[in-house]
Amino acid sequence: MRAAVSSSSVTQFAVVDALMGGVYSSGISVPEVRGLGDTGIGCCEGLGGEVVILDGELFECTVDGPPRPMDEDETLPFVDVCTLGEVPATDVHDVDLGGLDAALRERLVSRNLFHAVRVDGVVASVRTRVTRRQDPPFRPLAEVAAEQIETVTTDRAGSLVGFWMPRIYQGISVAGLHLHFLSDDRLIGGHVLDLRIRSAVLRVEAFARFTLQLPQDEQFLRTELTHDDDHRIVAVEGGPSLSATR
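Sequential numbering from 0 applies to the sequence shown in numbering that gives the first Met the number 0.
Label pairs and their calculated CB-CB ranges:
#, residue 1, residue 2, range
1, Asp119, Thr222, 34 to 42 Å
2, Val62, Asp183, 18 to 26 Å
3, Arg110, Asp193, 18 to 26 Å
4, His226, Ala145, 15 to 23 Å
5, Thr153, Ala207, 34 to 42 Å
6, Gln215, Asp134, 20 to 28 Å
7, Arg132, Asp183, 25 to 33 Å
8, Gly98, Asp134, 35 to 43 Å
9, Glu223, Met0, 41 to 49 Å
10, Ser28, Asp193, 26 to 34 Å
11, Asp63, Ser7, 29 to 37 Å
No wet-lab data here; the hints were simulated from the structure. Virtual Cβ for every residue (Gly too), placed ideally from N, Cα, C.
Working from the sequences, and respecting the hints, build out all of it.
This is the structure:
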């Protein structure tokens, strides 16, 4: 069954190509993000970890300890957020990341629309990453990700949150499927590199409206961004290859 189309919007702050170019000096505040929706993903100030937005709460996943609720005075240099409606759930069992992507694609309204994704259940295993916080002058995301901290977690209940984005927006966002994980016990979280789901429910909602907010700090304003090689983003963000999602 295909997803329903929401009347609301996916809102994004900043663009992925800015992170790729080391342009992430400013961010959007936690209260502002919370006012834009209850579901989403992002990254921490200075690329110092990954953010999961679940049921209206923002959780920061860093190298310093288990995930924790973000403080009101913290900012996110990049975020995608929306309000996830009451949408039907589909059971998924014993699938890896590619299998989840295939199940999701069966529910896409169109490959030209944005889709919010939430999966709740038990993972047999999930490989997550977080990155260390950077200090100015900021390095490109690819360099930071080369030093990422990876964790493999097994037999853990939790939620996968993220988005499926159209190919045409690669560089603005991350094309294809982009997920973050947060365990129910709030001990593990981060950007998903690989996984196998034991048993879970999948919810998908389509969005025909996409709102982009751009930073206005000096670094962003004076840096002309260009979109170069797609493989840089695929290498950093992982997930199923774009060629496999056509």
